[in-house]
Amino acid sequence: QVQLVESGGGLVQAGGSLRLSCAASGTRFSTNVMGWYRQAAGKQRELVATITSGGSTNYADSVKGRFTISRDNAKNMLYLQMNSLKPADTAVYYCKLADWGGNYWGQGTQVTVSS
Numbered sequence: 002q003v004q005l006v007e008s009g010g011g012l013v014q015a016g017g018s019l020r021l022s023c024a025a026s027g028t029r030f031s032t033n034v035m036g037w038y039r040q041a042a043g044k045q046r047e048l049v050a051t052i053t054s055g056g057s058t059n060y061a062d063s064v065k066g067r068f069t070i071s072r073d074n075a076k077n078m079l080y081l082q083m084n085s086l087k088p089a090d091t092a093v094y095y096c097k098l099a100d101w102g103g104n105y106w107g108q109g110t111q112v113t114v115s116s
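Note that my numbering has the sequence shown beginning at 2, numbered continuously upward.
Do not rely on the hints blindly, as some may be mistaken.
Capping the alpha-carbon separation at 25 angstroms, the derived lysine to any residue pairs in SDA-like fashion look like this [said to hold, decoys possible]:
1. Lys87 with Ser71
2. Lys65 with Ala99
3. Lys65 with Asn33
4. Lys65 with Gly55
5. Lys44 with Lys76
6. Lys87 with Gly10
7. Lys65 with Ser115
8. Lys44 with Ser8
9. Lys97 with Arg67
10. Lys76 with Tyr105
11. Lys44 with Gly17
12. Lys97 with Ala75
13. Lys97 with Gln40
14. Lys87 with Asn59
15. Lys44 with Ala15
16. Lys97 with Ser116
17. Lys76 with Gly109
18. Lys97 with Gly56
19. Lys97 with Arg20
20. Lys65 with Gln82
21. Lys97 with Leu48
22. Lys97 with Glu47
23. Lys97 with Leu12
24. Lys76 with Arg20
25. Lys44 with Trp101
26. Lys65 with Leu48
27. Lys87 with Gly66
28. Lys97 with Gly10
29. Lys44 with Gln108
30. Lys76 with Ala24
31. Lys44 with Ser115
32. Lys44 with Thr113
33. Lys87 with Arg67
34. Lys97 with Ser22
35. Lys76 with Phe30
It is worth saying that the hints were derived from the structure and are not from the lab.
Please build the complete structure, drawing on both the sequences and the hints.
See below:
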């Protein structure tokens, strides 16, 4: 059973930084895609960034140049460094893993950016 546990969310002022972490366990396949998604109140869940097991990355236009996704395959960890945060970045951030077995989601961590 794949489990994903996010941490690192919190309250930060606009212009500040946060680093989210996602610990993965129970993964069976070395080839996968991991990513961060977010859902603001009253809105649909949206892609923030993804990274393959080989290190290829993809970002939403709204976070390019401000957020950096990374992973440590040896530790089964996923990270999201968020800089120059804006109030529009306020949302619940979810970790996702996709492999041959299916799609798996964490429980989410709240990020709130005050103006």
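So, going through the hints one by one against the coordinates:
Straight-line distance between C-alpha atoms of lysine 87 and serine 71 comes to about 21 angstroms, which keeps the hinted pair within the 25 angstroms bound. With a CA separation close to 22 angstroms, the supplied pair lysine 65 and alanine 99 stays within the 25 angstroms bound. For a cut-off of 25 angstroms, the pair hint linking lysine 65 to asparagine 33 stands: about 22 angstroms separates their Cα positions. For the suggested pair lysine 65 and glycine 55, the alpha carbons sit about 20 angstroms apart, so the restraint of at most 25 angstroms is met.
Restraint check for lysine 44 and lysine 76: not satisfied, since their Cα atoms lie roughly 33 angstroms apart, outside the 25 angstroms limit. Our distance criterion of 25 angstroms between C-alpha atoms is met by lysine 87 and glycine 10, whose separation comes to about 14 angstroms. Note on lysine 65 and serine 115: the hinted pairing holds, with a Cα-Cα distance of about 20 angstroms set against a maximum of 25 angstroms. With a CA separation close to 22 angstroms, the supplied pair lysine 44 and serine 8 stays within the 25 angstroms bound.
For the suggested pair lysine 97 and arginine 67, the alpha carbons sit about 20 angstroms apart, so the restraint of at most 25 angstroms is met. For the proposed pair lysine 76 and tyrosine 105, the alpha carbon gap of about 18 angstroms is at most 25 angstroms, so the pair holds. A distance of roughly 23 angstroms separates the Cα atoms of lysine 44 and glycine 17; the hinted pair therefore holds under the 25 angstroms criterion. Between lysine 97 and alanine 75 the alpha-carbon distance is near 18 angstroms, which keeps this suggested pair within the 25 angstroms criterion.
Between lysine 97 and glutamine 40 the alpha-carbon distance is near 13 angstroms, which keeps this suggested pair within the 25 angstroms criterion. Proximity of lysine 87 to asparagine 59 is assessed by CA-CA distance (about 20 angstroms); at most 25 angstroms being required, the pair is judged to hold. For the hint pairing lysine 44 with alanine 15, the CA-to-CA distance comes to about 21 angstroms; that is within 25 angstroms, so the pair holds. A distance of roughly 29 angstroms separates the Cα atoms of lysine 97 and serine 116; the hinted pair therefore is violated under the 25 angstroms criterion.
About 20 angstroms separates the Cα atoms of lysine 76 and glycine 109, which keeps this hinted pair within 25 angstroms; it holds. For the suggested pair lysine 97 and glycine 56, the alpha carbons sit about 16 angstroms apart, so the restraint of at most 25 angstroms is met. Proposed proximity of lysine 97 and arginine 20 is supported: the alpha carbons are some 16 angstroms apart, at most 25 angstroms. The suggested pairing of lysine 65 with glutamine 82 holds, with an alpha-carbon distance near 12 angstroms, which does not exceed 25 angstroms.
Restraint check for lysine 97 and leucine 48: satisfied, since their Cα atoms lie roughly 10 angstroms apart, inside the 25 angstroms limit. Restraint check for lysine 97 and glutamate 47: satisfied, since their Cα atoms lie roughly 12 angstroms apart, inside the 25 angstroms limit. Proposed proximity of lysine 97 and leucine 12 is supported: the alpha carbons are some 22 angstroms apart, at most 25 angstroms. Between lysine 76 and arginine 20 the alpha-carbon distance is near 17 angstroms, which keeps this suggested pair within the 25 angstroms criterion.
A hinted pair counts as satisfied when its Cα atoms are at most 25 angstroms apart, and lysine 44 with tryptophan 101 does not qualify at roughly 29 angstroms. Simply put, lysine 65 and leucine 48 have alpha-carbon atoms about 12 angstroms apart, close enough for the 25 angstroms limit, and the pair holds. In summary, the hint linking lysine 87 to glycine 66 is supported, as the alpha carbons are separated by about 13 angstroms, within the 25 angstroms threshold. Pair hint lysine 97 plus glycine 10 holds up; C-alpha atoms about 16 angstroms apart against a cutoff of 25 angstroms.
For the suggested pair lysine 44 and glutamine 108, the alpha carbons sit about 17 angstroms apart, so the restraint of at most 25 angstroms is met. A threshold of 25 angstroms between alpha carbons decides the hint, and for lysine 76 with alanine 24 the separation of about 8 angstroms falls inside it, so the pair holds. With a C-alpha separation of about 19 angstroms, the suggested pair lysine 44 and serine 115 falls inside the 25 angstroms cut-off, and the hint holds. Of the supplied pair hints, the one linking lysine 44 and threonine 113 holds, its CA atoms being roughly 15 angstroms apart against a limit of 25 angstroms.
Taken as a hint, the lysine 87 and arginine 67 pair is honoured in the structure, with Cα atoms around 10 angstroms apart against an allowance of 25 angstroms. Restraint check for lysine 97 and serine 22: the C-alpha separation of about 12 angstroms stays at or below 25 angstroms, so the hint holds. The hinted pair formed by lysine 76 and phenylalanine 30 meets the criterion: a straight-line CA distance of about 14 angstroms does not exceed 25 angstroms.
The structure shown violates the earlier hints numbered 5, 16, 25.
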